[in-house]
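Q: Residues per chain, in single letters:
Number of protein chains: 2
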Amino acid sequence: SKADDPDAGKGQRVMIIGGDGYCGWATALHLSNRGYEVCIVDNLCRRGMDDSLGFNSLTPIRGIHERVRKWKEVSGKDIELFIGDVCDYEFLSATFKKFEPTAAVHFGEQRSAPYSMMDRTKAVFTQTNNVMGNINLMYAIKEFAPDCHLIKLGTMGEYGTPNIDIEEGYLTVEHNGRTDTLPYPKQGNSFYHLSKCHDSTNMIFCTKAWQMRTTDLNQGVVYGVATEETMMDPALINRLDYDAVFGTALNRFCIQAAVGHPMTVYGKGGQTRGFLDIRDTVRCIQIACDNPADKGEMRIYNQFTEQFSVNELAALITEAGKKIGLDPQVINVPNPRTEMEEHYYNAKNSKLQDLGLEPHLMSDALMDSLLKIIIEYKDRVDKSLILPGVNWTESASVGQQLEKAEKVKA
Amino acid sequence: SKADDPDAGKGQRVMIIGGDGYCGWATALHLSNRGYEVCIVDNLCRRGMDDSLGFNSLTPIRGIHERVRKWKEVSGKDIELFIGDVCDYEFLSATFKKFEPTAAVHFGEQRSAPYSMMDRTKAVFTQTNNVMGNINLMYAIKEFAPDCHLIKLGTMGEYGTPNIDIEEGYLTVEHNGRTDTLPYPKQGNSFYHLSKCHDSTNMIFCTKAWQMRTTDLNQGVVYGVATEETMMDPALINRLDYDAVFGTALNRFCIQAAVGHPMTVYGKGGQTRGFLDIRDTVRCIQIACDNPADKGEMRIYNQFTEQFSVNELAALITEAGKKIGLDPQVINVPNPRTEMEEHYYNAKNSKLQDLGLEPHLMSDALMDSLLKIIIEYKDRVDKSLILPGVNWTESASVGQQLEKAEKVKA
Ligand SMILES: NC(=O)c1ccc[n+]([C@@H]2O[C@H](COP(=O)([O-])OP(=O)(O)OC[C@H]3O[C@@H](n4cnc5c(N)ncnc54)[C@H](O)[C@@H]3O)[C@@H](O)[C@H]2O)c1
Ligand SMILES: NC(=O)c1ccc[n+]([C@@H]2O[C@H](COP(=O)([O-])OP(=O)(O)OC[C@H]3O[C@@H](n4cnc5c(N)ncnc54)[C@H](O)[C@@H]3O)[C@@H](O)[C@H]2O)c1
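So the sequences go chain by chain: A and B. Start counting the first sequence at 1403; every next residue gets the next number (our numbering). Start counting the second sequence at 1403; every next residue gets the next number (our numbering).
Bound-form chain A, shown alone:
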């Protein structure tokens, strides 16, 4: 199948923006391994955020230059590296002229909801970095590569939790006897999620006005650390975040279970979301590359494979953990977010499967891609990072945050 064909990508030149990140790194290697000509664009700001906040990946990730060198050694394939910021149009223009992409996969955004809610500066950074970076990218495509297919990562969180079924991007509405198919109404629940709503809204316009080819992937929560390529050598290993800012629920629960800390369920635990294995993320991007949108068309797919409530996640991990000698426990902690803890949730996700995606199941993945690797690196866990973090209603100016911190100390 195309998923394994080493020549699948022949003739495609794919720019992976955010290629030093969790999804981007795995995707770059997946595509490179299948004959796509790949380059990575990244300003490494994510590594800087980890440093600033005192976080670290559970797995010992290498620098991007070393990673790429090692990949060449292991696979014989080149990945060209462009270190710079997509918000810097001069850099981005030069990169486009040099690499001449046929597709640009855009992972390069600030992607943590709690980070965007820490304080005003980070809220503004998140929306500026994400929205303006994406505008720049659309201008660069228009100016230097008008046929280039923009594959943009969105999030299922753009939809919020409406009381009706979540469709894939568009909703056909009958109203007062007339009908139209409109962009699905968006209700982001953090400055991060909102930045993705803005990206999508901007893309709908540019796709039409500039006759671009675009695909918007509303991705669910990604879990797991192992993909075929990132496990080929320890120097290729992918990141695994478990802090309260960048760690997503499932990764965090697994690490908590592994070190004998109770899994911290926020509130009632009825919050339901879509999830997918990192091995499905890389395959979805390949599918998007191989099925470019027409000029003036914006395809929107919901990129997740299964949906679970937080309580269901905890139950799955408890079951899997017991099989390998762990004894996972649950505690319910006050919810730092403003969100519904019990709600209807039914999101559609058939489009990518119609195009060939064969989903991994979480119940299997927990064992072969997650818990075992975590146990391997368990001595690296910094226990101070596994408690809940940022509070949605407290999000304040930097000055106020510092004042509060003073009071706590005093």
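None of these hints come from the bench; they were simulated from the model. Warning: the hint list may mix true and false statements.
Residues from chain B shown here face chain A by an in silico Cβ test under 8 Å; the list is partial [stated by the list, open to error]:
#	residue
1	Q1529
2	N1531
3	M1534
4	E1545
5	R1580
6	K1588
7	L1596
8	T1740
9	V1792
10	W1794
Under the rule of at most 27 Å between Cα atoms (straight-line distance), these lysine-lysine pairs were calculated in the DSS-like manner [claimed, not checked]:
#	chain 1	residue 1	chain 2	residue 2
11	A	K1697	B	K1780
12	A	K1809	B	K1670
13	B	K1500	A	K1806
14	B	K1474	B	K1412
15	B	K1472	A	K1610
16	B	K1500	A	K1809
17	B	K1750	B	K1404
18	A	K1500	B	K1697
19	A	K1610	B	K1806
20	B	K1809	A	K1499
21	A	K1500	B	K1670
22	B	K1724	B	K1670
23	B	K1472	A	K1806
24	A	K1806	B	K1404
25	A	K1697	B	K1806
26	B	K1697	A	K1670
27	B	K1610	A	K1806
28	B	K1610	A	K1670
29	A	K1499	B	K1806
30	B	K1472	B	K1404
Predicted, not measured: the structure shown is a model, and the values here were computed from it. Backbone N, C-alpha and C define an ideal beta-carbon position, used for all residues, glycine too.
Go by the hints and put chain B with the ligands onto chain A.
A: Below, chain B with the ligands alone, put in the same frame as chain A:
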């Protein structure tokens, strides 16, 4: 009625952001004249844009310091002036602490669709200035004046031209047997209109997460120059834009008619929009001030009084012009925008009228507030400014724009 009561505003302290602009100046005087304690916040960037592009108001507007001094002389009322940028949080914080507003009316955004489509830099400026300014404002309210009512100017252009009725902000959807009331789907048609979509999407979240009081006014195209207060003295006169970037269709048509230039209808002229008289704008803001939203509630009103197609506008002006000895003509010019030229349009606008708005009619306003004033200042018209301007599909990087300009010269 409240519309005329000189003590209507007692106890209210209203911050007018963008108070040196077209809508903001008229609103500041209207409220000041009715007993509201008013301050103006403005960074005067709009005057700078006019200077850069070689534009000027038809009417000879005075500097903001002189305007405010004259108002004190004419009315005996003080308007405090804060010159600075809402994107500068240090300035905004100090202003909030000093003035302690009970309401903040936010007009202070880059508000021209063509300006936002001129080049990439102006697209990014528009979305940064507008979206980040509005985020700052919400943080300032949260931090310094949590009871303050945010009255935010949006635009009817956020809705685009859907094939169903346009409701006031929310749409009740029945889908697969379930029902929810959701934010009305937005389809902005320029980086400017999109910035307003983003503002609204951000506001919905902050209103809920931070229990703010907010009102979003989706305003139609404003026309006219005369309000009671701005006509009290020549030094108080309001701006009247007629260039192809900041001038809106109606104002431009009137000026074209007055100087004997045919009215430049873009494309087929079937484009239909909502309109209102500047005298209704100021009254709508007063109504919003007097009817604050509850904590955690976001009110959304469609702020326009009549809807017309471009061809209908031209016909109205032809009729009015003939009565005062003009002979207005029409030419259809190629449409520089990407937009539908024939479409369904039926937008609701009952909420503000239910709260007491008594609309002026365009057919009357053309005579008493627009054509006569234009004729008075007609010698100031710069004829080079009345042709169509910015092209939507050409919007490029600054470098590309300069290159094109070179080619035209060569
Ligand atoms: N991880 C998930 O569960 C998940 C879920 C839904 C959507 N997504 C989306 O997928 C994308 C990738 O997520 P991830 O988990 O790999 O995040 P990540 O933080 O691991 O990677 C993002 C990368 O982008 C880079 N980057 C950020 N801003 C940049 C800029 N202005 N210029 C250049 N590079 C920049 C960072 O340095 C980082 O390497 C994001 O857009 C995210 O919103 C992720
Ligand atoms: N005029 C219309 O027809 C119309 C229609 C719909 C909506 N609106 C909205 O109403 C508002 C006012 O429009 P207008 O026609 O009076 O525009 P305007 O350009 O005349 O006034 C806007 C004012 O805001 C100021 N400003 C802009 N950015 C600022 C910043 N960052 N900090 C401080 N001040 C800033 C400008 O200097 C200017 O004085 C805008 O938000 C606009 O989008 C206007």
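Q: Determine for every hint whether it applies to the structure shown.
A: Going through the hints against the structure:
no. : hint                : in the structure
1   : Q1529               : holds (6 Å)
2   : N1531               : violated (11 Å)
3   : M1534               : holds (5 Å)
4   : E1545               : holds (6 Å)
5   : R1580               : holds (5 Å)
6   : K1588               : holds (6 Å)
7   : L1596               : holds (5 Å)
8   : T1740               : holds (4 Å)
9   : V1792               : violated (12 Å)
10  : W1794               : holds (5 Å)
11  : K1697(A) x K1780(B) : violated (46 Å)
12  : K1809(A) x K1670(B) : violated (65 Å)
13  : K1500(B) x K1806(A) : holds (23 Å)
14  : K1474(B) x K1412(B) : holds (18 Å)
15  : K1472(B) x K1610(A) : violated (49 Å)
16  : K1500(B) x K1809(A) : holds (25 Å)
17  : K1750(B) x K1404(B) : holds (24 Å)
18  : K1500(A) x K1697(B) : violated (53 Å)
19  : K1610(A) x K1806(B) : holds (23 Å)
20  : K1809(B) x K1499(A) : holds (22 Å)
21  : K1500(A) x K1670(B) : violated (43 Å)
22  : K1724(B) x K1670(B) : holds (23 Å)
23  : K1472(B) x K1806(A) : violated (45 Å)
24  : K1806(A) x K1404(B) : violated (44 Å)
25  : K1697(A) x K1806(B) : holds (24 Å)
26  : K1697(B) x K1670(A) : holds (25 Å)
27  : K1610(B) x K1806(A) : holds (23 Å)
28  : K1610(B) x K1670(A) : holds (20 Å)
29  : K1499(A) x K1806(B) : holds (19 Å)
30  : K1472(B) x K1404(B) : holds (25 Å)
Going down the numbered hints, you'll see the structure goes against 2, 9, 11, 12, 15, 18, 21, 23 and 24, while the others check out.
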